[in-house]
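Protein chains: 4
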Amino acid sequence: MAGSTFGNIFRITTWGESHGKALGVVIDGCPAGLSLSEEDIQPYLDRRKPGQTSISTPRKESDQVEILSGVFQGKTTGTPISLMVPNTSQKSSDYSQIASCYRPGHGDYTFDAKYGFRDYTGGGRSSGRETIGRVAAGAIAMKILNQMGIYVTAYTKSIGPISADMACFDREASLKTATCMPDYNADRLALAYLEECMKRKDSSGGVIECIADGLPAGIGDPVFEKLDANLAKALMSIGAVKAVEIGDGIEVSNATGSHNNDAFRSVNGKITKKTNHAGGILGGISDGSRLIVRAHIKPTPSIFSPQETVNQNMENIEIAIKGRHDPVIVPRAVVVVEAMTALTLLDECMLNMTARLSYLTDFYQK
Amino acid sequence: MAGSTFGNIFRITTWGESHGKALGVVIDGCPAGLSLSEEDIQPYLDRRKPGQTSISTPRKESDQVEILSGVFQGKTTGTPISLMVPNTSQKSSDYSQIASCYRPGHGDYTFDAKYGFRDYTGGGRSSGRETIGRVAAGAIAMKILNQMGIYVTAYTKSIGPISADMACFDREASLKTATCMPDYNADRLALAYLEECMKRKDSSGGVIECIADGLPAGIGDPVFEKLDANLAKALMSIGAVKAVEIGDGIEVSNATGSHNNDAFRSVNGKITKKTNHAGGILGGISDGSRLIVRAHIKPTPSIFSPQETVNQNMENIEIAIKGRHDPVIVPRAVVVVEAMTALTLLDECMLNMTARLSYLTDFYQK
Amino acid sequence: MAGSTFGNIFRITTWGESHGKALGVVIDGCPAGLSLSEEDIQPYLDRRKPGQTSISTPRKESDQVEILSGVFQGKTTGTPISLMVPNTSQKSSDYSQIASCYRPGHGDYTFDAKYGFRDYTGGGRSSGRETIGRVAAGAIAMKILNQMGIYVTAYTKSIGPISADMACFDREASLKTATCMPDYNADRLALAYLEECMKRKDSSGGVIECIADGLPAGIGDPVFEKLDANLAKALMSIGAVKAVEIGDGIEVSNATGSHNNDAFRSVNGKITKKTNHAGGILGGISDGSRLIVRAHIKPTPSIFSPQETVNQNMENIEIAIKGRHDPVIVPRAVVVVEAMTALTLLDECMLNMTARLSYLTDFYQK
Amino acid sequence: MAGSTFGNIFRITTWGESHGKALGVVIDGCPAGLSLSEEDIQPYLDRRKPGQTSISTPRKESDQVEILSGVFQGKTTGTPISLMVPNTSQKSSDYSQIASCYRPGHGDYTFDAKYGFRDYTGGGRSSGRETIGRVAAGAIAMKILNQMGIYVTAYTKSIGPISADMACFDREASLKTATCMPDYNADRLALAYLEECMKRKDSSGGVIECIADGLPAGIGDPVFEKLDANLAKALMSIGAVKAVEIGDGIEVSNATGSHNNDAFRSVNGKITKKTNHAGGILGGISDGSRLIVRAHIKPTPSIFSPQETVNQNMENIEIAIKGRHDPVIVPRAVVVVEAMTALTLLDECMLNMTARLSYLTDFYQK
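Chains as they are written, first to last, in the working numbering: chain A, 1 to 366; chain B, 1 to 366; chain C, 1 to 366; chain D, 1 to 366.
Treat the hints with care, since some could be wrong.
For identical chains, the list gives no copy identity; a pair is met inside one copy or between any two copies.
Here are the computed lysine-lysine pairs in the DSBU-like style, where the Cα-Cα straight-line distance is at most 30 Å [to be verified]:
1) K274 / K176
2) K75 / K274
3) K201 / K75
4) K49 / K21
5) K21 / K143
6) K21 / K199
7) K322 / K75
8) K322 / K49
9) K49 / K274
10) K75 / K270
11) K75 / K199
12) K270 / K322
13) K199 / K274
14) K270 / K143
15) K322 / K201
16) K49 / K270
17) K143 / K75
18) K21 / K75
19) K49 / K143
20) K199 / K270
21) K322 / K143
22) K21 / K322
23) K274 / K21
24) K322 / K274
It is worth saying that the hints were derived from the structure and are not from the lab.
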């Protein structure tokens with residue numbers, strides 16, 4: 001199946017494996033006339049790089065992006081933008097261990113079941129490095145959204161039992177802390193918790209939240225292409241995500257209607273809501289209030305503790321996974337969540353431009 | 001946007017509003033040679049009908065399905081199957097109330113924001129009746145999956161604070177109880193809780209779980225078209241769903257890797273897992289164990305309690321929604337969750353048939 | 001495969017067989033706010049009805065269209081428009097002949113080869129009646145295009161050796177003559193030719209031309225989704241079409257560049273072309289001049305002359321096809337060509353609305 | 001619009017401009033297990049290279065392809081295959097001429113009309129170099145088709161008034177001659193004709209024919225996704241193609257049914273046809289006989305003769321296009337036609353694998 005494409009009008013196709021020659025993405029459907037250079041994209045890639053903090057692997061991945069097409073004299077031409085990130089430091093060291101057995105919590109076994117064999121070096125296509133293309137494309141979507149007055153921000157909401165205190169939300173903190181928490185205090189507690197995990201040769205899960213401001217009411221669709229449905233797919237397509245919530249999310253199942261309904265109020269001739277349990281979406285369509293989504297990330301499956309598994313000769317064995325691995329996936333996935341949200345929102349905004357007959361007649365008769 | 005289509009190879013397109021002449025679905029891509037009559041579909045539609053229990057509205061919706069095309073001499077021909085359910089008892093009674101104001105928790109406002117106006121009778125396209133097409137198409141997907149050895153079952157996991165005890169899971173109970181809980185005792189407790197809600201002029205949310213057995217390992221895709229991503233979209237596209245979980249779902253964010261990883265074991269020359277925290281999906285691809293997904297459903301937004309809102313003249317008003325409404329959406333949505341899961345699985349199984357070169361050469365050279 | 005859907009943003013899905021209960025189409029992605037009733041659609045369906053002239057079968061097909069959804073208070077709501085045409089006069093008379101053998105020039109054999117069996121009554125899904133859904137949907141596309149200032153017209157260019165004289169093009173004639181030729185004289189000659197064909201128990205092919213005026217420059221796409229590529233697919237998807245030409249079409253292969261290139265001229269500050277060999281498309285994108293496409297239609301395969309063929313027992317036999325059949329397909333296909341062209345143009349115009357960044361920022365920041 | 005993607009299951013996305021850093025293609029949906037290296041692809045790219053004969057420009061384009069992903073240990077993994085061809089010899093010489101005016105017959109004006117500006121170096125995205133991605137992907141499709149027993153061959157049928165004599169068809173000749181004609185004699189005559197054209201500072205059009213053998217009956221779809229419809233789109237999407245024919249093509253419009261119908265015969269228990277006017281397709285589905293399609297190619301629009309046009313200041317000017325250009329596009333487009341046909345056939349064969357219920361149950365229950 002051709003499953004490496006995302007989006008309808010603003011459509012991206014990613015490619016590349018962890019230890020191949022390069023990874024990349026083709027962005028097709030980007031409007032003409034956007035100023036674009038590598039400098040617009042690189043900062044987002046830098047946010048997902050490892051080797052930057054005590055809780056991420058000290059591997060050095062330079063991950064320098066190069067624009068190969070679609071930009072002329074500093075502006076997008078409307079034709080496909082091809083971005084490439086060469087793999088420079090991926091050494092195919094000793095992969096005999098993961099070549100011959102199925103690591104628990106990884107896709108090794110399911111890849112073999114589907115394709116008959118797999119690229120086992122560094123996880124191949126199911127490596128976290130697969131997200132490079134998403135993040136690079138997301139950077140372009142973000143730049144366009146910003147020019148439309150729409151702003152998307154993701155951050156770490158919790159790591160294991162440690163949650164950020166949203167009362168003292170600090171956007172700067174989420175960009176500076178090792179955990180990407182928007183709260184310096186929670187960051188310190190989470191780092192302590194993660195050190196404990198590492199001592200126990202174990203790993204931790206966590207939650208990423210993403211918000212969008214400036215999204216006008218009316219974006220999305222009432223049935224299968226609900227805005228929340230597409231966001232759910234976008235986030236669940238990120239490796240390690242096992243649950244997605246919109247607004248109050250799982251709490252709605254234990255709530256009552258009188259609590260969960262958001263009252264409408266007219267304020268200065270504009271519709272507003274007194275609360276936002278809905279997370280900015282009603283009936284699959286944005287309601288003009290802040291968009292709120294959350295992704296629950298499972299603990300890093302690669303751990304140093306010994307685990308039971310099976311090798312390719314169908315023998316039951318025990319393995320302790322060698323090498324270096326982060327005790328938590330969350331901080332490096334924050335920018336991926338941001339990217340996937342931005343890609344979804346931009347595509348939906350584009351699709352919305354034909355919702356009314358007057359939009360067409362205005363456009364074609366001016 | 002053309003948002004009423006779902007699926008790639010087995011593709012359905014639904015149409016119809018709550019109070020229009022009819023609702024329906026076109027199923028395109030159904031393989032030729034399947035025995036099919038209205039009797040295969042009607043039982044699924046009957047499961048979503050209201051007026052059947054103390055907790056659903058006493059409206060009578062006969063919801064009789066008719067096959068209009070695609071079946072010849074009792075078998076599907078491979079061409080589109082058009083199914084129609086006439087709207088017989090939808091009387092356009094007094095809709096002046098909802099015509100002129102935005103009901104909290106409903107899509108009234110967002111429809112107006114998107115399209116400039118809306119069909120306000122009975123909720124129009126965003127009515128729960130929109131799911132008739134999904135359920136009818138799902139019935140066909142279920143029949144095919146069963147012939148492939150795959151079985152999908154959904155049931156109510158909880159209503160408000162009352163959860164089914166999965167230790168005494170009883171499939172029969174879920175088909176017979178008013179709540180669709182697979183546990184007669186929990187059903188009784190939940191009904192009592194819902195009566196309380198009704199007395200308080202309020203409503204309740206709940207959780208639907210869906211499992212699939214017999215799904216072989218290898219179904220799904222590693223990147224954007226992950227099996228879990230498509231399931232998340234399928235379920236989140238059902239009105240009132242605000243969160244979707246796979247396997248342990250939200251619990252993974254507070255779990256450790258040593259707990260969350262499922263150990264592999266070779267048993268009689270077959271790969272199995274000792275636990276199933278993953279809910280049957282690893283790296284976006286099925287692992288051969290039971291598939292487990294959950295949808296969190298918000299409380300019915302239509303409640304008798306007075307609520308603050310705005311009318312179309314942008315005046316702040318208070319409304320108490322008239323008419324009849326269920327205190328909980330969950331029981332009637334169970335078969336919808338089942339249908340959306342079946343539609344997703346069948347489509348993914350079809351897409352999987354070209355995963356290996358040998359599948360093609362075997363098919364075309366025999 | 002799900003092959004009954006056409007279009008990206010303005011997307012139609014047709015269904016129905018010649019002798020089933022009904023035929024129909026679901027139009028998804030129609031903008032909200034279009035005035036629409038059955039009266040907008042019926043005249044187009046009437047143009048493809050048989051039993052109207054000496055050269056079409058005297059069968060009576062009333063083909064009354066009914067709108068089942070998507071229209072509220074006389075206007076489209078933005079949700080799917082379901083149109084149905086009941087089959088009233090299709091009597092399953094004696095089909096033993098075509099049930100048991102493969103008619104030359106028809107899809108009987110290929111349907112069996114693909115699906116294992118077929119609906120043989122009246123041609124099933126490959127009957128000309130399949131085009132009802134296309135024409136009904138095309139009527140809506142035409143209405144929208146007209147409001148955008150774009151006008152599409154198809155007519156019979158030739159029947160067998162008889163061509164319309166384009167020097168005396170008369171739009172009225174094409175709507176009134178039995179042949180749909182825009183030239184009363186050619187019509188008379190063509191009718192005489194067709195009578196001859198009928199006497200010889202034979203049939204004739206012909207050419208349909210379609211033009212569009214008012215299409216602005218800039219519609220289409222440079223690579224796979226070229227405007228001409230999509231028009232070619234649209235027209236070649238009509239049964240019996242065996243060749244499609246754009247502008248000078250096949251003549252370009254024997255032309256020289258100095259002849260074939262259209263010179264540009266600036267006239268009153270507007271770009272025009274001195275000639276239009278290109279038929280209004282350059283590099284896959286409309287150039288603002290008249291769009292010109294042609295479809296070559298094969299002779300009606302059902303003829304009274306005896307033909308050699310094979311029956312389902314693989315015996316070589318001879319058949320003379322019974323019943324009534326038109327000596328030429330062309331006149332009834334004219335409105336189908338018009339519909340497919342309109343559907344293609346509208347969809348492309350919609351897709352064009354995100355071609356430049358300024359289109360988005362203008363739309364979202366006003 | 002995202003218009004650089006072609007195919008459903010075997011899906012390619014091309015990118016790159018004539019004078020950018022590189023051109024390339026991402027092939028997604030290629031089955032796992034195919035032996036693949038650059039050596040499989042390079043020969044096809046070499047067939048479209050210029051600078052090889054007296055009738056193609058002496059520019060040196062090395063056009064070396066590199067596989068960047070999707071292949072592991074010499075076999076495809078089922079994940080996206082990224083192919084890149086660096087632009088090595090494209091010097092941005094003096095483009096002031098084409099930067100400031102619209103070349104007749106080229107897409108310069110329509111690009112500006114759509115996107116607001118254009119990459120004018122070497123034609124940008126609408127250069128013939130855009131086809132590199134198509135040809136590279138087509139090579140992979142060809143290799144798979146061959147393993148399925150399906151063989152695709154394209155050749156030059158005519159150049160201007162000179163046609164190959166199909167009675168003495170010689171596959172070798174089409175690979176060796178400068179014109180790609182399968183007839184050495186016609187090649188000589190055509191070369192003489194082209195020299196004349198060049199002397200007159202003019203260019204010529206021509207016809208490419210493509211045949212496929214071994215395609216089983218049953219491939220394709222009855223309505224919008226007819227095999228011929230998809231082939232028509234595939235070929236018309238190649239720059240300079242202005243008409244597409246299937247089988248007898250344009251001749252059907254002047255034929256009679258008794259001539260045009262192909263009689264069926266049972267030979268050794270197999271259905272065959274006595275003639276093949278249909279070109280191997282009936283009712284949109286392959287009939288098991290040879291597939292025959294033709295593309296009519298317009299004359300090279302770049303000619304040395306002076307032409308009238310408009311510059312970007314909207315002034316009427318006269319230009320004579322400088323530089324080097326081939327007097328005919330046809331020979332270099334032959335392999336492109338072959339590639340697009342192969343891509344279409346492979347995708348359709350894949351889509352056909354779910355046409356019958358028994359195909360699914362056989363696949364999943366073995």
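A quick look at each hint next to the structure:
1. K274 / K176: neither (33 Å within a copy, 40 Å between copies)
2. K75 / K274: neither (42 Å within a copy, 33 Å between copies)
3. K201 / K75: Neither, since 49 Å and 36 Å both go past 30 Å.
4. K49 / K21: So K49 and K21 pass the 30 Å test inside a copy (18 Å) and across (26 Å) alike.
5. K21 / K143: Both: 28 Å inside a chain and 24 Å across chains, each within 30 Å.
6. K21 / K199: Neither way: K21 and K199 sit 35 Å apart in one copy and 48 Å across, limit 30 Å.
7. K322 / K75: Result: close only across copies, 27 Å inter versus 46 Å intra.
8. K322 / K49: For K322 and K49, the Cα distance is within 30 Å only inside one copy (21 Å; across copies 49 Å).
9. K49 / K274: Close neither inside one copy (40 Å) nor across copies (34 Å); limit 30 Å.
10. K75 / K270: For K75 and K270, the Cα distance is within 30 Å only across copies (26 Å; inside one copy 37 Å).
11. K75 / K199: neither (50 Å within a copy, 41 Å between copies)
12. K270 / K322: Intra 58 Å, inter 26 Å, cutoff 30 Å: inter-copy only.
13. K199 / K274: Between copies, since 25 Å is at most 30 Å while 46 Å is not.
14. K270 / K143: within (27 Å within a copy, 34 Å between copies)
15. K322 / K201: within (11 Å within a copy, 59 Å between copies)
16. K49 / K270: Neither way: K49 and K270 sit 43 Å apart in one copy and 39 Å across, limit 30 Å.
17. K143 / K75: within (13 Å within a copy, 37 Å between copies)
18. K21 / K75: Both: 28 Å inside a chain and 15 Å across chains, each within 30 Å.
19. K49 / K143: within (20 Å within a copy, 39 Å between copies)
20. K199 / K270: The answer is neither: 54 Å in one copy and 35 Å across copies each exceed 30 Å.
21. K322 / K143: Neither. Shortest intra-copy (40 Å) and inter-copy (40 Å) distances fail the 30 Å Cα cut-off.
22. K21 / K322: within (24 Å within a copy, 40 Å between copies)
23. K274 / K21: Neither way: K274 and K21 sit 53 Å apart in one copy and 37 Å across, limit 30 Å.
24. K322 / K274: Between copies only: 23 Å across, 52 Å inside.
Taken one by one, the earlier hints fail for this structure at numbers 1, 2, 3, 6, 9, 11, 16, 20, 21, 23, listed in ascending order.
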